[in-house]
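Residue numbers (the working numbering), protein chains in the order written: chain A, 4 to 809; chain B, 89 to 237.
Bear in mind the hints are in silico, worked out from the structure with no lab data behind them.
Beta carbons: idealized from backbone N, C-alpha and C, even for Gly.
Errors might be hidden in some of the hints.
Residues from chain A shown here face chain B by an in silico Cβ test under 8 Å; the list is partial [as the list claims (entries may be wrong)]:
1. R11
2. Q23
3. G331
4. L333
5. R453
6. N544
7. L546
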Amino acid sequence: MNKLIQSRLLQITAVFLFLQTLIITLSPAVRARTWDVDYRLSQWIALGLWGLFVARAHYDITRKLPDADPYLFPAAALISGWGLLTIWRLDSNFGARQALWFGVSSTVLIAGTRLVTIDFLRRYKYILLTCGTFLVALTLIFGTNPSGSGPRLWLGYSDFYLQPSEPLKLLLIVFLSAYLADKLPSRLRTIHILYPTVILSSIVILLLVVQRDLGTASIFTALYTVIIYLATGRKRILLISLFLLAFVGVVGYYFVGIVHARVNSWISPWNDPTGSSYQIIQSLIAIANGGILGRGPGLGSPGFIPVAISDFIYAAIAEETGLIGTLGLLSTIGVIITRGLRAALRAPDLFRRMLAAGITAYFGLQTILIVGGNLRLLPLTGVTLPFVSYGGSSLLTSFVALLILINISNHLDIDPAPLPKPQPYLVLGTLLFVGLFASALANGWWSVIRGDDLLTRSDNQRRIIEERYVARGLLLDSTNSIINNNKGDIGNFSRNYKYVDLAPITGYTDPIYGQAGLEASLDDYLRGLKGNPTSKLSWSNLLYGMNPEGLNVRLSIDLYLQNRTDEMMVGSSGAVVLLNAKSGEILVMSSHPTFNPNHLAELGTKLQVDPGKPLINRATLGQYPTGTTIMEPFVQALTGDSTANESFMVNVYKAFGFYQVPQIQLPTAPASSEADIDLTRVSPLQMALASATFSNHGLIPAPRIAMGVNTPSVGWVSLPALGTPIEALQAPAADEAILSYLVENQTSWQHLGQAQEDESSFTWFIGGTSPSWQATPLVIVVVLEEDNIRLAQRIGQELLIDAMNP
Amino acid sequence: MTALLVLILRIALAIALYAFLGRIFLTLWQDLKQQGEFLSSQKKPGIHIHAIMDSGKDIQRRFVQSEVTIGRDPNCDFPVIDEAISAHHVKISYHHSQWWLEDLGSTNGTFIGKNQVMVPTVLITSDQFKCGGTTFTVLVDMVNNKILS
Numbered sequence: 004m005n006k007l008i009q010s011r012l013l014q015i016t017a018v019f020l021f022l023q024t025l026i027i028t029l030s031p032a033v034r035a036r037t038w039d040v041d042y043r044l045s046q047w048i049a050l051g052l053w054g055l056f057v058a059r060a061h062y063d064i065t066r067k068l069p070d071a072d073p074y075l076f077p078a079a080a081l082i083s084g085w086g087l088l089t090i091w092r093l094d095s096n097f098g099a100r101q102a103l104w105f106g107v108s109s110t111v112l113i114a115g116t117r118l119v120t121i122d123f124l125r126r127y128k129y130i131l132l133t134c135g136t137f138l139v140a141l142t143l144i145f146g147t148n149p150s151g152s153g154p155r156l157w158l159g160y161s162d163f164y165l166q167p168s169e170p171l172k173l174l175l176i177v178f179l180s181a182y183l184a185d186k187l188p189s190r191l192r193t194i195h196i197l198y199p200t201v202i203l204s205s206i207v208i209l210l211l212v213v214q215r216d217l218g219t220a221s222i223f224t225a226l227y228t229v230i231i232y233l234a235t236g237r238k239r240i241l242l243i244s245l246f247l248l249a250f251v252g253v254v255g256y257y258f259v260g261i262v263h264a265r266v267n268s269w270i271s272p273w274n275d276p277t278g279s280s281y282q283i284i285q286s287l288i289a290i291a292n293g294g295i296l297g298r299g300p301g302l303g304s305p306g307f308i309p310v311a312i313s314d315f316i317y318a319a320i321a322e323e324t325g326l327i328g329t330l331g332l333l334s335t336i337g338v339i340i341t342r343g344l345r346a347a348l349r350a351p352d353l354f355r356r357m358l359a360a361g362i363t364a365y366f367g368l369q370t371i372l373i374v375g376g377n378l379r380l381l382p383l384t385g386v387t388l389p390f391v392s393y394g395g396s397s398l399l400t401s402f403v404a405l406l407i408l409i410n411i412s413n414h415l416d417i418d419p420a421p422l423p424k425p426q427p428y429l430v431l432g433t434l435l436f437v438g439l440f441a442s443a444l445a446n447g448w449w450s451v452i453r454g455d456d457l458l459t460r461s462d463n464q465r466r467i468i469e470e471r472y473v474a475r476g477l478l479l480d481s482t483n484s485i486i487n488n489n490k491g492d493i494g495n496f497s498r499n500y501k502y503v504d505l506a507p508i509t510g511y512t513d514p515i516y517g518q519a520g521l522e523a524s525l526d527d528y529l530r531g532l533k534g535n536p537t538s539k540l541s542w543s544n545l546l547y548g549m550n551p552e553g554l555n556v557r558l559s560i561d562l563y564l565q566n567r568t569d570e571m572m573v574g575s576s577g578a579v580v581l582l583n584a585k586s587g588e589i590l591v592m593s594s595h596p597t598f599n600p601n602h603l604a605e606l607g608t609k610l611q612v613d614p615g616k617p618l619i620n621r622a623t624l625g626q627y628p629t630g631t632t633i634m635e636p637f638v639q640a641l642t643g644d645s646t647a648n649e650s651f652m653v654n655v656y657k658a659f660g661f662y663q664v665p666q667i668q669l670p671t672a673p674a675s676s677e678a679d680i681d682l683t684r685v686s687p688l689q690m691a692l693a694s695a696t697f698s699n700h701g702l703i704p705a706p707r708i709a710m711g712v713n714t715p716s717v718g719w720v721s722l723p724a725l726g727t728p729i730e731a732l733q734a735p736a737a738d739e740a741i742l743s744y745l746v747e748n749q750t751s752w753q754h755l756g757q758a759q760e761d762e763s764s765f766t767w768f769i770g771g772t773s774p775s776w777q778a779t780p781l782v783i784v785v786v787l788e789e790d791n792i793r794l795a796q797r798i799g800q801e802l803l804i805d806a807m808n809p
Numbered sequence: 089m090t091a092l093l094v095l096i097l098r099i100a101l102a103i104a105l106y107a108f109l110g111r112i113f114l115t116l117w118q119d120l121k122q123q124g125e126f127l128s129s130q131k132k133p134g135i136h137i138h139a140i141m142d143s144g145k146d147i148q149r150r151f152v153q154s155e156v157t158i159g160r161d162p163n164c165d166f167p168v169i170d171e172a173i174s175a176h177h178v179k180i181s182y183h184h185s186q187w188w189l190e191d192l193g194s195t196n197g198t199f200i201g202k203n204q205v206m207v208p209t210v211l212i213t214s215d216q217f218k219c220g221g222t223t224f225t226v227l228v229d230m231v232n233n234k235i236l237s
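All chains, please: the whole structure from these sequences, using the hints.
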């Protein structure tokens, strides 16, 4: 019967791991969205090894220990296989080492099934504990760290490392169970029985504290407390221990650097996301990325989490198999705990009972400690997830502990030892299950409720991956000529800037330098987040864990006129804005000097310190003094006179919208305040909008640059203006005010002005179509950061003529 | 296409994981059910108790439940009017496939022959025990115990 149950469960486990291996194999094809890829094959070795050793262990357990619990081994086989494949998928070198350790551990398990009794553990308890402690003490002198730096907790010989604190956990449990089983029936006062254990355990724990292995030290403290509680049944032991732990925690917080850092990054991780809380935040982002269903084995990006193979393997599993997977993982560990406690209650003597319960507590507490740490439920401690995490010493210890548990469970025909107080065992079980349940809830909180907040964080590096795999939408001009598109193949997409001189306006999108300009403000459309139907978004997310292809966005820019402008502006500093005075569509927006975003990687931070400020879009961010002359048409329109005193100028600026920020999908300079008229600064876009009143019968149009987006469902959808038109003047007043500025057979008007500030000179040109112009009304503004009326006039006039005669 | 195939595999993966857990619950439930059926099918032999008082009066009763208390108290399963018997004097119960005699801390004790019953003692057919001035003889029914083995 037991044999049948165990073999069925192992068959299902084998199917589960086979599917996982198969998905990892196919994962490159999903990423590249084609069958023509290099498939990942090496992890089949891990599956093969797992199958061989598990089959052999199953054969030996069912033959030599026929009455053993049939659930313990399959549950452990499932999670250790799962861990092995996850480690292999993250790093095949570590995967191969772990596979080797899995072979060693299984061999020990297989050999151990031949043991008839485990009484020798009881007899040699002092020797065992002394040897274990001695090995840990050795690390103080000969300790190394396989990664070269960090706490030196390992003993190494060439390429082989042992972390003695792992077996010491098991040895401490063995010692305490054996010692207490010997002494408890002697009817000595409890305190006399306990003090040797207090002394021995304190030595061990102090040793670990000196080594700075605080996670293991807290596991030891918790295990010691649990076993003493099981032996004595006194609740106050739990309370005293809790109080002591809290006290040590508080003292550590104020006096020990590493405790301080760990607790701080637990309580307020968001304060230091790149420093001490980097790990935990990356872990939470990975868990959020997993969501409910997970990305699929091999399809997430758990490589972004530091030490994903050991400390954060739970987060890696959560990302790839989602909440569904981690709930299954926690339940499987729950099965081990239930069956372990059952074996403890049915054990034939006190030694075996406490040993089984201690081992169960060791599996449960360590799981809760590290899973809770990954989920920010508890402060982070660098302990391993039993059976799952990378680490030979940990895996071997877990398997030996499992062997002992299976051995103890194999005595069902003998009557269990009498149990005077069942409560401590029930309390232990309840505590462990509350811990697992809290972990499941916390997992749901991060992956479902807080998921979106975490994924939109700027330190979510998965966006960079996504940009390489999903084609970004194109930026097009008004005639659908390409301004920005993509280069490279799937997996290597990067942005290609075809019309380079628009760089200060369209900006860039870059994994290192982030985003700027229209690439930033239209990002949601260009990445396909907005404009795509929700069903398509969620389907694409389900299949690929990525957004669908980005949508193309059409701008109001006219590349022909833009090119003419940029040719004339070469070598100058300044800005040009040409817009449709009626609709507000910006046909030309030019800012010089400019830069080549295709070479962003080489130019790098040089751009930021360039005195010419090429990154700044002068057309919207430039703040230029107006001087007096350029304001003449505006003043005249309000007063009928071209002179005005200072207090009246406030009214002029106000009437023509200079105190308002234009509403547009571009970063804009803050508006000047009415308080100090001498400090009034305007951007070229503001000047262009104000000037539009003379060509548009007194109305200031709402500016537009992003005109439409090409959606898959209904084709081009218009993007409305963000602002609303304002009536600055009544139509007759506006038409009349501009009469004295008309030129060229009265089809256009123009005006030039100059401004001085400190050592700098500025030249303004404003112009536009006359009110009587029947075709598209246009307006143009040129600002040069030099005293050059001829150039400003040439640019303004030539462009206006070009634009009026398309 | 690739992603769709892998999505199906991913769903199968989740199903396999929960099939594992489901299988565990199924077998545990089957085990529970089996245990319940086993216990309910267990045939418990009835017990026939014959009390003979010193006064010569005798009472006979047959019980099928698994626990019988004897005492002066009228709420006992087998009340006996005898001044030397305590209110709850003795308990006869069936467990571990046997009928057991257990003294309930009576004032005058329970005796099998000359020996006082201090610990639970197995009763077999035609055993006699004495409480106060009354002698009890038990007859255990014969049952077909095939199911038990």
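Status of the hints after comparison with the structure:
Among the interface hints, the one on A/R11 holds; its C-beta lies about 6 Å from the nearest C-beta in chain B, closer than the 8 Å criterion. The beta carbon of A/Q23 comes within 6 Å of a beta carbon in chain B, closer than 8 Å, and the hint placing it at the interface holds. Against a cut-off of 8 Å between C-beta atoms, the interface hint on A/G331 holds, since the closest Cβ of chain B lies about 4 Å away. Because the beta carbon of A/L333 sits about 11 Å from the nearest beta carbon in chain B, more than 8 Å, this interface hint is broken.
Proximity of A/R453 to chain B is violated relative to the hint, the smallest CB-CB distance being about 23 Å (cut-off 8 Å). Because the closest C-beta pair between A/N544 and chain B is about 11 Å apart, greater than 8 Å, the hint is violated. With a least beta-carbon distance of about 4 Å to chain B, the hint placing A/L546 at the interface is held under the 8 Å criterion.
Comparing the model with each earlier hint shows violations of hints 4, 5 and 6; every other hint is respected.
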